[in-house]
Every structure is written in C-alpha cells, then in structure tokens.
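Chemist: Spelled out from the first residue to the last, the chains are:
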Amino acid sequence: MSPPRRPWAEAPAGTDHADLAALLARVAIGDRAAFDAMYDRVAAPVFGTVRGVVRDPGLSEEVTQEVFVEVWRAASRFDASKGSPMAWVTTIAHRRAVDRVRSEQRSAARDRRAASPMIAYDEVAETVEDNLDRDRVRRCLGTLTDLQREAVTLAYYGGYTYREVAGLLRVPAGTVSTRMRDGLIRLRDCLGAGR
Amino acid sequence: MRVRRPEPHTLAGAYALDALDGPDQARFERHAARCQECTREVTGLREATARLAAAAAAQPPPALKEALRAETARTRQLPPVTRDSRATDRARLRAGGRRPGGRRPGGRRLVLALGGAAAVAAVTVWVTASPGPPGGQPAASQEIATVLTAPDAVTMTAQVRTGGTATIVMSHHDGMLVFTAAGLRQLPAAQHYELWVIGPGRDRPAGRLPMLSHGMAGPVVAAGLRSGDRLGLTVETASGTRRPTTPMILELTL
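If you read the sequences in order, they're chains A and B. The first sequence begins at 27 in the working numbering and counts up by one. The second sequence begins at 958 in the working numbering and counts up by one.
Hints are computed from structural coordinates only; laboratory data are not their basis. In this text, all values refer to a predicted model and were calculated from it rather than measured experimentally. Any given hint could turn out to be false.
Just so you have them, the derived chain A footprint on chain B, three or more residues with Cβ under 8 Å [what the hints assert, rightly or not]:
| hint | stretch |
| --- | --- |
| 1 | 965-972 |
| 2 | 976-984 |
| 3 | 996-1002 |
| 4 | 1017-1023 |
Each residue gets a CB set at the ideal place from its N, CA and C atoms; glycine is no exception.
Work out the full structure, taking the sequences as your base and the hints as a guide.
Modeler: In structure tokens:
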C-alpha cells in the first residue's frame, strides 16, 4: 500500500503539518489536552482571519468560538489526503466569518463596514511578532498584478464576494473571477503551498 | 456572455476565497461535483488561502480558551464518516466542513446517537428511506442530522387534536427542532398542514408539512427558536399565509 498522497507535503519546514494532523486525530477521540495544544497552534490565524472579515471585536470572538466548537465536533472528518490541517481549520474559520457578515448584509452593520472597505495586506497581522508567514505572503502578494492582488485580498481579508469586488474595483465580474484564480495560483506557486 | 456568467471553472479561485454566494456558489459546486480537476485545484488554492490566514494572525483574548474548555466539555463530537464517500467529498468541498455532518450515510447511526429513543422512529424512517426532502432544500437533511446528534437533543410527543401523533426532537442549544407526525388525518387536496412558531410579538410560519405515505408527515426543520416560543399546527388552505387562519390542532410550549 502506498502512503496517502498529501498535497501539502512540500510545505516548508517549520509548519509542522504532521504534528497538527496528529493533534487533530487526538482531538477526534475527545482528547481535551490535544485540543488545547491544537488551539495554541491555530488560534492566532483563525482569530486574525475572522477579525479581518467581521471587524467587530465581540462578534469576532463569538465567531472564533463557533469555529473551534466546530473543529472539536468535526475533527474526525479531517482527511489528510484532502489538504493540510491548517487549511482545513482556516477554511472553516473564513467560511464562518463570511457567512456571518453576509447574513447581516442587509443590516446597518454592512454599511458601517463599508466605511473602511480596504484592509491593506500590509496592515494585517500587526499583533503577532516574528510572523514569517506575513513577510513571505507580503512578498508573494507583491508578485501579483495590482488587480490580482486587490481581488484576492478584498475577497479574503475583506470577505467580499467576487461580484462585490467587481463593484468596488469597477471591473467586470468575469474579469475579477479569472484574476482571483490567476492570482491565487501565482500565490500558491510563490509560497510553495499546495501542489 | 462570458463576462456576465463566467465559465464555472474560472470560479475556482473565487470559490477557494469564499467569494461566491447563492447561485454562483451552487453553480460552481454542481460543476465541481463532476470535475475532479476543479476539486483538486480548490484543494491546492486553499493551501494558499491558509497562508493568507497565517499572515493575518492575531492573538485572541485568553478568556476565549477558557470559554472553549467549557463549551467542548458539553459538546458531543461527530463520528467519522465511514461510507458514502461521495457525499462526504461534497460536504468537505463545500466548506471544509462548514456544517459538520453532511448528509449522513443513513438513519441508523442517528438513532444510536440518541441512545435508541423509540420516539424518533418517524424521523428515522424518513431519514433512512427518503433521498431528500420532497421538493425541499438540500440543507434540510444536514440540519436534521445536526438536531438529532445535538448533545442536548430532547424528544417530545404530542397528540394532534384531529388525529395523529407529532414527534418533535429539539436542541435548545441550537434553537432548532425537527417536527414529524404520524397517523395524521388525510386532507383534501386543497388543504395542507402548516407548522407555526408562536413567540412573544411574532408568529411565523415554520413550513408546510410534507405528506408521506401511511399518514406520515414531515420532517420540517424550524430554526431560530427562543425559549418561551410555542409550536403550533393548523390546517391551511391558501399558500403563503403569514398568520394562522384556523384554530390550532396542536400547541406545544418548547
């Protein structure tokens, strides 16, 4: 039997995907200490991502808590052959955050957010020191075209749909969707993430 | 045309960024269900978005960890999925497990999770026997699984005044319930059973009860319930009525 293919096996050393996957496996059988250890490893990316999208500090904490309850509940569903544990967790987090924002889209909350729509990628993550990912991501984002970079960061850090991004940038939606894809592919290759 | 409706495949980036909504998302997911390359691409692109997340890292307040300790202590975990990997793939592609559970392989495990409560037989029959809610939303079976596997799920039964028995499984924590009924009186074609949530200052329709065979009806999922809400059942004629127009044939405080 060949070992399961792990698309994230090429990730740079230090990201310790295997450790995190092992922790998740322990979490899946109800190991609370493993959950604590896993939390310590991923809480900052989760909270930072959620806060970027949701903005409101109290609501960000609430969504972050929901994310981790979901990770606890669904840990047995993590499948290492389908991506890295960090991608699994951050996907849950980002999805939760945008779901929350979009469900309130019709309310005034969205209008308040719209007052400061741009979260520049060089503004993020000021609270974590020695964030190697930040430097690397910033450098790789710099290799994207302006439109690719704006499309990717508005969608991810701002939580906007591609149609909303099209409206913000005054570019056709079809153009935005292709730039998002091209930009993410370039980012993935620059970061050595994924396949 | 391409500008207004991009090729599904070009939406892979937007999908990985959670930048699709409503119909766009549904369209991409339909496409991806038949396109292995798309699924692989989304998987790879999500590794890139994970790095975007890592770059945005910010420490949450320490109190959050304490709160989570309490929360996980009273939250039951989902069992692994062992069969029906197709449905699992779909659920995972959707959101990396946004709504854990996906469609369950069958009803049997749901009952075991409840400790074999006989009263959920009606729900079980439906979950096991039917491929999906009649004309219903695909989310319904996931919601049902969520309620049935909730750690605080309780089962209530009540008699319907015009005949039949209603079974309600409710999670107070999630503010959701699943309603089913058995032995209901057959209605003329122009009429239907309608479920209501009756709360302080707000009555809202919770859905038309789908009629199955043998007097079985449901399930209907009601969400957003608050303590003090009551559940009601009426027979209605008009579709889309906003208030009950006939007397309650079942009324239950949740």
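Chemist: Taking the hints in turn, state whether each one holds.
Modeler: A quick look at each hint next to the structure:
no.	hint	in the structure
1	965-972	holds (count 5)
2	976-984	holds (count 4)
3	996-1002	holds (count 4)
4	1017-1023	holds (count 4)
No hint from the list above goes unmet by this structure.
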